[in-house]
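**Student:** Given chain A, put chain B in place with the hints provided.
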Amino acid sequence: MKFTLSWLRDWLDTDADPQSIADKLTAIGLEVEGIHNPAEALAAFRVAKVLTAEKHPQADKLQVLTVDDGSGEAIQVVCGAPNARAGMLGVFGPPGAYIPGSDLTLKVAAIRGVESRGMMCSARELELGEDHDGIIELPDDAPVGTAYIDYAGLNDPVFDVNVTPNRPDCLGIDGIARDLAAAGIGRFRPRASAALPGGFEPDPKVIVESGSGCYVFWRRVIRDVRNGPSPDWLQQRLKAVGLRPISALVDITNFFSIDQARPLHVYDVKKLKGHITARRARAGERFMALNDKEYEATPDDCVIADESGAIGFGGVIGGESTGVDENTTDVLLECAWFDPAAIAATGRRHGIVTDARARFERGIDPMKLSSAIEDAAQMIVELCGGEASEPRISGEFPAEGYPNRDNVVPYRPARLAALAGIDLPVDEQRAILGRLEFLALDPKDGESWLNKGQQQELVEKYDPASYWFVRAPTWRPDVDGEADIVEEIARIHGFEDLPSTPLERGDGVARPTATRTQLMERRLRRTAAARGLDEAVTWSFVSEKEAAAFGGGDWRIANPISEDMKVMRPSLLPGLISAAQRNLNRGASSVRLFEIGRRYLGDSEHATLGLLLTGDRTSRDWQTGKAQDFDAYDAKAEVLALLDAAGAPTANLQVFPDAGPTWHPGRSATLRLGPKTIVASFGELHPRLVAEHDAPGGTVAAEIYTDAIPAQRSAGRARQAYSPPALQSVVRDFAFVVPSDVSADALVRAVRGADKASITSARVFDRYLPKDGDLSLAIEVTLQPGDKSFTEAEIADISRRIVAAAEKLGAQLRS
Amino acid sequence: MSDALLDRIAATQNLQDLESVRVSLLGKSGEITAKLKSLGSMDPDTRASEAPKIHALREQVTDALTTRKAALENAELERRLAGERVDLSLPAPQALQGTVHPVSQVMDELAEVFADLGFSVAEGPEIETQWYNFTALNMPEDHPARAMQDTFYLEPRDGEAEPRVLRTHTSPVQIRTMEKTPPPLRLIAPGRVYRSDSDATHTPMFHQIEGLVIDKNITLGHLKWTLETFLRAFFERDDIAIRMRPSYFPFTEPSAEVDVGYSVDKGRRVVGGQEGWMEVLGSGMVHPRVIANCGLDPDEWQGFAFGTGVDRLAMLKYGMDDLRAFFDGDIRWLKHYGFRALDVPTLSGGVGA
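First to last, the protein sequences are chains A and B.
Residue numbers for the first sequence follow full-length UniProt numbering, so the first one is 1 and each next one is one higher.
Residue numbers for the second sequence follow full-length UniProt numbering, so the first one is 1 and each next one is one higher.
Errors might be hidden in some of the hints.
Stated by the list, open to error - Here are a few chain B residues that sit away from chain A, every Cβ distance over 10 angstroms (derived from the structure):
#1 Leu88
#2 Thr181
#3 Leu220
To be verified - Distance windows between CB atoms, simulated:
#4 A:Gly284 - B:Glu141: 23 to 33 angstroms
#5 A:Gln456 - B:Ala161: 38 to 48 angstroms
#6 B:Arg324 - A:Arg732: 52 to 62 angstroms
#7 A:Ala793 - B:Leu15: 44 to 54 angstroms
#8 A:Arg814 - B:Leu15: 18 to 28 angstroms
What the hints assert, rightly or not - Here chain A is said to cover these stretches of chain B; the calculated rule only asks that three of the stretch's residues, wherever they fall, bring their Cβ under 8 angstroms from a Cβ of chain A:
#9 78-84
#10 332-338
Because the hints were derived from the structure by calculation, they are not lab data.
Cβ atoms here follow ideal geometry from the backbone N, Cα and C, with glycine treated the same way.
For reference, chain B alone in the conformation it holds in the complex:
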């Protein structure tokens, strides 16, 4: 009897058939239900011998139904899935990827390196008075650097004694900071600067970064260490060599130009090594008159300052060769030389990307 029942279950081809078999066996008026019902009318001996058989049969049938149901469901799913194929080689919706400009990236890198040396980032106006841009920096009225060919002058405004200028360097930030923040000071001041110059290697606007340390007992030796340390960290190389040469800037005394050693790699100058020298920084001990101009006593406070081009540092580190492209906004260039949003320079992860 049981074999026949099981065969019937196994023979079903879909879930509907299986359900009708289940009803015919286990439903209200099903065959097995009827057998179970018949137990009540049996005498105790017969019941004692028949009950286990009937229960076992019911168990067997229930298991068979469950198994068959699972099998049919699986078959059904397989059949459906066979029709659900998509071509995943088709393009997915495009994710946008923007970029951070190299100048911004390098400024972030510089801020990170100098933060570790205890330098904060200071800012100042780009439209400057001649006092801050020149006079306070020991460039008196008739100094050649004030000549029209270098400096952008603004049209004078009513009530102003002399026209303002577009700052020609970030050095005015030195003065502004010294005036309002009591020393000791360690700061960098990055930002836009302007010179009326325009050719392959000069643009009328570019970026500089200024460094300033004012303290007691600061010497050229501290300047040398600071520049070496900064350049090694920034260029992520230990073989950075620098060479300081006496030079002249009105706002420092003694003054030094700083050359960095380079090597040639695949025809391109790479910072590091000593195959040749290239000039990258101007620096020196802050001129006593500049310190006095900020209301500090030059016999008590002294320090060093340095300045360099941010765009230039970017070019040396990341290999661009045309400054003008920095300010064109060409998205091809930006995608090529720009940085991803999450390329945040950190000391633990490295300040380069």
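Next comes chain A alone, as it looks inside the complex:
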């Protein structure tokens, strides 16, 4: 919302300077986003008198003037304006002044051999008008030496206020002025509106259909108007707040929109066909709007129609076919009230943003219609001439309910301190409410402005010992409860002296607050970082193609900002793949990324850690030789380390080959706890996926499904008693020839299972696959004796069982 200081002063009697006004506005919740004074650019220009004017010795069209700019000196200026003459008053720019219309800064210069120390300016040069036939001529009484912007009344700062959506009244300058006055800046100047007698019945008739979205439609017709350009003062005001002057009639409607948050509309009576109806649109109804766009209305839109069909969206935008123009002689003035929800829906549906929509959708003061139709008709007659009809109203507000014209809120003055922490005597509270034109009735005082029945009802419900009844003004549709009254008083009083009240502190040191999941996530994150992975945060949405490659997304965005951000990711890997690719394109040689976030599946959102390794595992090195690539075992190492950090029972994990279609079938696996609970997938990405998504080759990756990791059983902080074995362990090696379909993990498990009491570990330490030969695996088995050392016979027995267990899998002890 933009307005100028002078316009504000129409409604507010104040001498406060612009900065104090801005500070106060911000302090009461009308945040000033900027103060801009376009005239400041012209501050250097002064009212000056031409003392002498002589012909330029070298040029026919130029004159050499001497000018008095108030300094008392006669300043020599070369001037080309035909109207420059001795004795006239004009606008002088000294050297150093910037001429906006010519985009140049004045310098002392010689023009055709004659020194010129400044310039007498035209209106166009100062961007104050189009006139460039000569220099500006000022009346003889203009005070020489005065700053021109002050003399011309141009020194008028423009405020830009961010009006919050709950304050429709502050989309009018009157509302802003009222708030300022309530907060102690100046005195509010209410404007009485005088009735303009009408001479005839307005024609055409207006019918307001119930349920149309339009409640009330006041109208007047003004005959025999002349719709030329509006006067300078009006054009200047509209331009200052960013509106383009169009014609007197249109400018008048815009004036009321800004001045009083009261949008109006004008129709050219001669272009209207038959009577006017406010109704729901018929399917497929189209019209050309004033913004030169054609709209197709839906049956949910409220339209204003004549017999030709829709001629505008009521309260949003008017139609081109019935708009006023320079030939308009008879005008129909509309001052209506539309349902805010209907206005908002229509505006949103068709993407139309207008000043009218902004005001109607927030709620116009329903009591301002009759005064506005008088004031606007008055201004039309003043500026355009003509004769006004009687005002006539169509439609009506419901007797009760919405819009609420009798909004009484029970309020306990004690709530101000209880909610806002501000202690203010009741008299002051009442005074603030009064300045905002909220009427506060203390039933203990006896006096009443409520009707008897209403008061009786309230007093029965709310204890008069502690409650007031506050009637909110009709321009404040946002007020609907006690907290709103607290806010009004608090905001006008100001938040500056709010106390700073400590929250109560529990006894002792602060208690831990993190949940198991949160702790696990922290451990995963810092372990991954400690292992050399960089944490990325990538978009939660991916493209349809990316989602499809990872099993397909269950959630699609209806209004994505781009097709690349269309589907909620079913995996963290697409985001990491893209990030890795970007890094490689930037010249990175080795990329290790991880992300902790959610996968969005049909049932719910799943906490997940994704990691990706690509490029060089080790760069070329004087010790290790050529650069080495990552392989699936690198991913496995990360996964196991991370699962261990997360507290997963890693010893119980089983490896199931082939992690699914995303992965290389032979070089990927899942890690499971039991056959069903998958806690991680890892391995090489499927080469087809790599090719289709331009993923870097040689990429290995993993996902840890952190929400599948079971909680550790908590047994308190104390560890089990420390009891190292009394006797040293014995190590024996076994080498087996293994069928190709038996995994190392299966063999090791079988070996370990051969004697669970004695075998404390079994580990593959060698693997040999000769060309055209059988696979051999060598396993180191650690045996732990109990209270007696093993005898040779015992060891032989365990060995026999180990071999037997392996043989069950088809493995043979190597001879």
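**Tutor:** Relative to chain A, chain B alone:
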């Protein structure tokens, strides 16, 4: 006699020579061994006078052999070491150093600061129903914030009355927590939020943190203290000034925008001081209707809520200036702005790194 023997020992040049000298003197048929053996055949008087001499000689020779052996071994070691030089200026195997993303780090910092004030960390879904994201927060059907240009709507699924949305703020977590946890409550809710906005300072996804206190007798004054205390702890400065301004949010009443004072240091805005104000938080007293929507009696329970951008806090504290870079995964940026694994924020060690 002894001098000659000692000379022989001293003259040896390596351990083999020394060993043969030792054998020739102390071995089975060595010279000194022979002398010792001869003691047995001596008469007692001669033995009494010769024995000490022979024993002393043996002692002398043994010592000399030991000393010489040590000397030769040392010389041998020196010789070997002289050939064992490596160039330790060559690079050692590289240790990997990963990083923690600034958003995660700041979330950990916030959790640490607020834990001390008794706030726990709550979470909620990012794909939300319109009830939790809007309606329960006092944003009815026709509220402008529901407009398509701000909110990502999901394609409707079978059997659902209205499409879900990507949560536009972390405030739905307030509702979910109030519904299931009886007050008093103190919580923060950090997480991803989404708005269909994209330019230099807006990304369609970003991070917010929500704070909520529900209790009896909570006022705007508690809110002010909490924010001051939190900002001082988070930014690790005592000269943090805040300014509260009345504002409007549908889910709070009264509502306040909170500005933090900044100063300019080397051309960059730094939190602290009062050279200017910048808006960092939205806040207010939880709207009675919101409290009622969670099944609590607004005449009994009241409290405050606040919200701010986690990415924004990170930028203000650590000096990044481009939000989009947060979500690019550029390892150069991550190495530059990220944190080391052991930079764990603690109260004793400080919540900044």
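**Student:** Hints first: check each against the structure and report whether it holds.
**Tutor:** Hints, one by one, checked against the model:
1. Every beta carbon of chain A lies more than 10 angstroms from that of Leu88 of chain B, the smallest distance being close to 13 angstroms; the non-interface claim holds.
2. Interface exclusion of Thr181 of chain B from chain A stands, the closest Cβ pair being 13 angstroms apart, more than 10 angstroms.
3. With 10 angstroms as the threshold on Cβ separation, the claim that Leu220 of chain B sits away from chain A is violated: the shortest Cβ distance comes to roughly 5 angstroms.
4. Take Gly284 of chain A and Glu141 of chain B: their Cβ atoms lie about 26 angstroms apart, and the range 23 to 33 angstroms holds.
5. With their beta carbons about 42 angstroms apart, Gln456 of chain A and Ala161 of chain B fall inside the hinted range of 38 to 48 angstroms.
6. A C-beta distance of roughly 60 angstroms is found between Arg324 of chain B and Arg732 of chain A, which places it inside the suggested range of 52 to 62 angstroms.
7. At roughly 48 angstroms, the beta-carbon separation of Ala793 of chain A and Leu15 of chain B lies within the given 44 to 54 angstroms, and the hint holds.
8. Between Arg814 of chain A and Leu15 of chain B the Cβ separation comes to about 45 angstroms, which falls outside the hinted range of 18 to 28 angstroms.
9. Coverage of the segment 78-84 of chain B by chain A is violated in this model, with 0 residues showing a Cβ closer than 8 angstroms to a Cβ of that chain against a need of three.
10. For the segment 332-338 of chain B, the stated coverage by chain A holds: 4 residues have a C-beta nearer than 8 angstroms to a C-beta of that chain, and at least 3 were required.
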